[in-house]
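Number of protein chains: 2
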Amino acid sequence: MADDRGGEVVDVRWHAHAVSREDRERAAGHRGCVLWFTGLSGCGKSTVANAVDRLLYERGCRTFLLDGDNVRHGLNAAPALLEARHGAEFARRFGLGFGSQDREENIRRIGAVAELFVQAGIIALTAFISPYRRDRDAVRAVLPAGDFVEIYVRAPLEVCESRDPKGLYKKARAGEIKGFTGIDDPYEEPLQPEIMLESASHQPDALAAEVIAWLQRAGKLAA
Amino acid sequence: MADDRGGEVVDVRWHAHAVSREDRERAAGHRGCVLWFTGLSGCGKSTVANAVDRLLYERGCRTFLLDGDNVRHGLNAAPALLEARHGAEFARRFGLGFGSQDREENIRRIGAVAELFVQAGIIALTAFISPYRRDRDAVRAVLPAGDFVEIYVRAPLEVCESRDPKGLYKKARAGEIKGFTGIDDPYEEPLQPEIMLESASHQPDALAAEVIAWLQRAGKLAA
Numbered sequence: 001m002a003d004d005r006g007g008e009v010v011d012v013r014w015h016a017h018a019v020s021r022e023d024r025e026r027a028a029g030h031r032g033c034v035l036w037f038t039g040l041s042g043c044g045k046s047t048v049a050n051a052v053d054r055l056l057y058e059r060g061c062r063t064f065l066l067d068g069d070n071v072r073h074g075l076n077a078a079p080a081l082l083e084a085r086h087g088a089e090f091a092r093r094f095g096l097g098f099g100s101q102d103r104e105e106n107i108r109r110i111g112a113v114a115e116l117f118v119q120a121g122i123i124a125l126t127a128f129i130s131p132y133r134r135d136r137d138a139v140r141a142v143l144p145a146g147d148f149v150e151i152y153v154r155a156p157l158e159v160c161e162s163r164d165p166k167g168l169y170k171k172a173r174a175g176e177i178k179g180f181t182g183i184d185d186p187y188e189e190p191l192q193p194e195i196m197l198e199s200a201s202h203q204p205d206a207l208a209a210e211v212i213a214w215l216q217r218a219g220k221l222a223a
Numbered sequence: 001m002a003d004d005r006g007g008e009v010v011d012v013r014w015h016a017h018a019v020s021r022e023d024r025e026r027a028a029g030h031r032g033c034v035l036w037f038t039g040l041s042g043c044g045k046s047t048v049a050n051a052v053d054r055l056l057y058e059r060g061c062r063t064f065l066l067d068g069d070n071v072r073h074g075l076n077a078a079p080a081l082l083e084a085r086h087g088a089e090f091a092r093r094f095g096l097g098f099g100s101q102d103r104e105e106n107i108r109r110i111g112a113v114a115e116l117f118v119q120a121g122i123i124a125l126t127a128f129i130s131p132y133r134r135d136r137d138a139v140r141a142v143l144p145a146g147d148f149v150e151i152y153v154r155a156p157l158e159v160c161e162s163r164d165p166k167g168l169y170k171k172a173r174a175g176e177i178k179g180f181t182g183i184d185d186p187y188e189e190p191l192q193p194e195i196m197l198e199s200a201s202h203q204p205d206a207l208a209a210e211v212i213a214w215l216q217r218a219g220k221l222a223a
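Chains as they are written, first to last, in this note's numbering: chain A, 1 to 223; chain B, 1 to 223.
A few of these clues could be false.
As the list claims (entries may be wrong) - Now the stretches of chain B that chain A is said to cover, found in silico as 3 or more residues with beta-carbon under 8 Å:
| hint | region |
| --- | --- |
| 1 | 45-54 |
| 2 | 57-66 |
| 3 | 89-103 |
| 4 | 116-126 |
As the list claims (entries may be wrong) - On the chain A side, residues computed to face chain B include the following (Cβ under 7 Å):
| hint | residue |
| --- | --- |
| 5 | N50 |
| 6 | R54 |
| 7 | L75 |
| 8 | F90 |
| 9 | F94 |
| 10 | E105 |
| 11 | A138 |
| 12 | Y187 |
| 13 | P190 |
Hints listed in this document are in silico derivations from the structure and should not be mistaken for laboratory results. For each residue, glycine too, the CB sits at the ideal point set by N, CA and C.
Required output: the full structure, derived from the provided sequences and hints.
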């Protein structure tokens with residue numbers, strides 16, 4: 001077996017020319033990290049996360065936003081979405097519903113994907129209710145120290161319920177949705193979030209600016 | 001509830017300022033896509049994928065390489081890795097082993113994550129045996145047309161077995177590993193791969209250069 005230089009390929013050493021996280025961060029001009037937005041449905045996490053994403057994008061940062069829209073249709077698809085292509089038994093096993101273990105696995109996978117984005121030198125933003133402290137702490141634990149930035153977007157339940165952008169609180173109050181966070185399932189507030197945002201009293205753009213300022217103070221972003 | 005401009009926050013419209021895939025690709029200076037390397041264990045997919053990754057990195061492209069090293073410890077962890085943090089029942093349900101469904105879900109999740117990287121304007125490289133045509137085609141099907149670039153790294157079984165970088169063929173021949181691709185489980189060759197690389201007769205760097213040239217011809221990369 002001659003290789004393209006006439007040598008014997010079996011003797012060739014197959015080196016990996018890996019690109020490291022540091023290489024990727026140098027090219028990006030900033031560190032990778034996870035901005036983990038958490039809070040009640042309707043607290044504004046997705047809006048603020050999108051605003052932060054936009055501000056970072058405008059500064060030339062490499063970012064990506066993980067949210068229900070891009071995760072629940074693919075990676076964490078419901079059983080019904082998997083069934084057509086993979087069959088009923090497969091869908092039952094690997095599809096994610098809204099049971100307790102399913103929600104735990106939902107957050108675990110999102111954390112694992114966020115970790116991959118961080119390895120790629122990217123600022124990964126996530127916008128999920130992620131109501132359980134244990135699940136958020138588990139994501140923090142798999143990431144290198146300092147890479148998990150917990151951002152609690154706080155608003156009183158009444159405010160979130162009055163916004164009710166998707167009509168979910170109404171359905172939960174009517175008993176059409178069971179286990180809804182804030183109604184018949186708990187939201188466990190972060191005990192020591194890196195960033196606390198008060199969304200009942202501040203505009204999304206002002207909250208987004210707070211996040212950017214924090215990233216600069218923390219040395220994750222150039223001032 | 002006064003907002004920071006003295007208005008009523010309940011009347012504020014919470015717009016999303018989303019960054020689109022096109023925005024991200026413009027910033028990157030290239031299109032996102034998946035370079036899906038497939039082939040027998042020992043065929044050199046990982047080596048060639050790393051070499052391509054390095055070449056793309058040196059051209060300033062935004063890339064990321066998904067392989068067993070970064071996927072099997074987190075996103076697609078084995079049951080034993082999940083058990084400590086999530087408990088035995090959870091680990092049994094969501095942990096991935098090497099059974100038929102597990103391998104299918106392994107590839108499905110990798111495809112879904114690659115899709116997220118593509119949405120982020122990144123060139124995602126994957127290096128997995130991915131022996132079943134159906135599983136590779138399922139990944140192709142979830143991606144927008146043209147975004148899945150199947151790269152078959154071909155080498156005769158004897159060559160791969162003689163390289164045996166991890167000693168896996170030896171174990172498979174000894175019956176210590178069951179269902180090993182090429183020995184007692186089939187490798188289904190791609191029927192129409194976008195790129196075919198002959199790794200028994202060419203050096204990894206030459207094969208990597210072939211991939212770059214293909215990406216240029218396909219308009220995915222500037223010439």
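Hints violated by the structure (listed by number, smallest first): Result: hints 12, 13 break, sorted rising.
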